[in-house]
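Asks: In the order they appear, the protein sequences are chains A and B.
As numbered in our numbering, residues 1 to 417 make up the first sequence, in order.
As numbered in our numbering, residues 1 to 420 make up the second sequence, in order.
The set of hints was computed from the structure by calculation and includes no laboratory data.
Model, not experiment: these values are computed from the prediction.
All C-beta atoms in this analysis are idealised placements derived from N, C-alpha and C, irrespective of residue type, glycine included.
Under the rule of at most 20 Å between Cα atoms (straight-line distance), these lysine to aspartate or glutamate pairs were calculated in the DMTMM-like manner:
id, chain 1, residue 1, chain 2, residue 2
1, A, 228, B, 40
2, A, 379, B, 45
3, A, 159, B, 306
4, A, 298, B, 158
5, B, 305, A, 155
6, A, 296, B, 207
7, A, 228, B, 41
Which chain A residues stay away from chain B? Per the calculated CB distances, all over 10 Å, these:
id, residue
8, 80
9, 132
10, 215
11, 220
12, 250
13, 320
14, 335
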Amino acid sequence: MKEGQSDTINSNSYFPYPKEWLDAESEDIAESVRKWADNEVIAKRLQFREDLEHQMRTLAILAVDIGLHRLIWPEEIGGVGFPLPDASSTLVRAYEEIGRADPGIGYISAANIALAATLLEDQGIGGEMKKKMAAAFCDSEDVELFSLILPGLGDINAKSHRIVSGREVQAELQNEGNGWILRAERARPFNSGYNASMYGVLASLPEGLGFAVIEADKKGVERGELLKTTGLSASLNSDVSLRDVRLSDDAVAFVDESFYKRLSAWMRLLTGSIAVGSAIDVYRLVKDWADNRVIKGKGLLRDNPMDAAVLAQVAMDIVNSRLLIHNLARAMAKPGVFGIGGGDDIFILSGVISVRVLDDCMHAINRAMEMMGSAGYSKEWHVEKHWRDLKTMQVYLGGRTPVEMDVARYYYGSDVL
Amino acid sequence: MGKESPFSKNMTSSPAETYIRRIIRDWADTVVIPMRRHYDEDWHEHRLIEPAFKALMVDLGFQKAMIPAEFGGWNFGNTDYLATASAWMFEEVARADSGIALAFGVCYWPMIMVAVKPHINRRLCAEFAPMFVDTDKPVYGVVAMTEPQGGSDIENLDLLHGQTIKTTARLDGDEWVVNGHKLWPTNTGGLADLFGVVCTTKPGSDDDEDVAYIYVPADTPGVTQGNAYEKAGMAADKNGDVWFEDVRVPSWYRAHGPGLDALYLKEVLTLGMMSATFSIGPVMNVYEILRDFCSQKTLNGKPLKEHDAIAAELSEIVAGIEVSRAATYRLAMMLDRQDKYGPRWSPEILAKARSTKMFVADKCLEGCEKAMEIMGAYGADRDWDVEKHWRDIKMGQLYEGGKQLAQMDTARYYFDCETL
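Make a model of the complete structure from these sequences and hints.
Replies: Right under this line is the structure:
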């Protein structure tokens, strides 16, 4: 290690971020998660690979023992009480560390925290639903997994529902007597459709939108076959059909598009953080590889200008991505300056930054793989898992075009996109 | 699937191309495509992959394709259309499964040294051709090149001239004694039947005369194949360590001798760049999948293909396929017409082959990535097969020395670089 460099390449000073935006307590939390990442996941990678039981066990340590899933809930309902939206920078640091370890674990945890943050911030959601959710997050000794069913692609053969920001809502709610009926046909959840204990569903109402929370074992909930996916192996997904699922009033909240925009912004912030962490771990791996490789029978690979240029790109992508995602966190923490959470300003900013960060982190990993050749796609080195995980996360976020349409609407006033 | 693929099924105006493509497509559509979603879990056992491979190589006879007619083969190696014929075949096989295409292509690879004109070695053809033509089992050929130190340095023949090769060949009476450790050859991990081993007769020498290419049947005492590595994709392509410990073979198992082994080894590397087709076939199949998907799925109330922004992306994918095919078949013609373009072992042809393969792999990967993004969450599903092609194409971008060696080989020729 050269003078002036950090002694641990995973440390936060190696890739800079604005430390003044985090207090000591936030850094303590990040440090706890860092230790979890190193000891529970990274040190055991070769032993457990993508073993689901191990992933769920480590998620439980993170969510329950370390208490990450209680972090943002108010103390009076069992949480730790980190206030929103100020906790955004704290969460970024935590999810960077989780991303270093296993983006799949980070992804399902992020879906849960993004939902919690949205419910807590949305003033239109009643206290009963919040209490019910708080119990799931704060009182349980196990991880209660929420699966999100959000707008996305539609199907030409299926009944069309309301469109939210160009995306098609996948479910519908109908008022019936003293309750509600929820319907969806082969909806594609954002995460964990196959093994969630609860579903959070954004659904069309005859007028507007509703958000429903339902237990997975409720009558009428039908999960499809387990989907095999490229990455994010911790998120077991399947299509989900909701066949006339009956819900009481306290399981449904009237919401508007701001609910979706707020949830999207939180999800983008957290997945962007996971991507940065994942790329930082790939940096560590490719550095380790390059430190010992000789090229042309003599000098070290890292000292060859062509290879050094590729390695530099890996680092540059991470530096830029990390600064961007921390800036998004700061913007979300300052609604008086940058706009409120469910508004267009933050929705658009989160989309722009999320697309860029995911692209740059994928670019970093792709370049690292090119450098490593066959070691890049060998499971033993683990780089390929980060690559699969981030690509999966990127497409689950919906890809580039829907965000481009959002941006065009916002910046150019395009109103039919 | 919907309508016929709009991509030309005859890139070379040859009746044989149409006929061979049809045979392979029937095999692909009935044997491989219905089962390929299960190949990832079959990476070690090959319970599904082996029968599919046998159907292609033995039942349909493609194992004989390159072997000269006088030794019972189809004689492709002894014609002026070896590379173009390889392109048709590999593209069609890769449309179904790029890993099988790679295993298929590499089965020929070691024999290029002795079964391709103008340097056919009849004695070695007579020795090894029966393995390929008189059998009811698939035969796995291997070029054993990469070693634990230095990665792709061995492929960098024009600069290093074999200087970094650690696997040695020592002449002892009328036998070569081979010692060394190879990594990553395709068709190993227990599969290999015949190795072409790149070795040195004088460790540390940078003289092409000391580069030796020696055939070693896999059942020769002293040969050990390690277990297959687990990889991101390409389950049909098994790779592992191979150890040669005092392996003795007859002295005439050396392909051609001092100087010529190094020369023709460059041709082996150049023809290896027809692996560009291992990326084109998959992305052609991605197009077929996308055509259905984008008619069925909607965004903002419209089928994806009718959404102007998506249509723009779709057009980029197709443009990448068309340009990649044009470039690759053009390269194949250059490789076949040595009378017009010079020998396949020249730095010029190597540079042109490397740059084509590099461009095509990048372009096809980009097309696959676009497809996944358009498909959203479905792009990551095994059920749609696109993510499988994406993993396979990425691997194709990285093997054979990877992108950086391709860049150096290209720059060296076009810019007269002397130290790359």
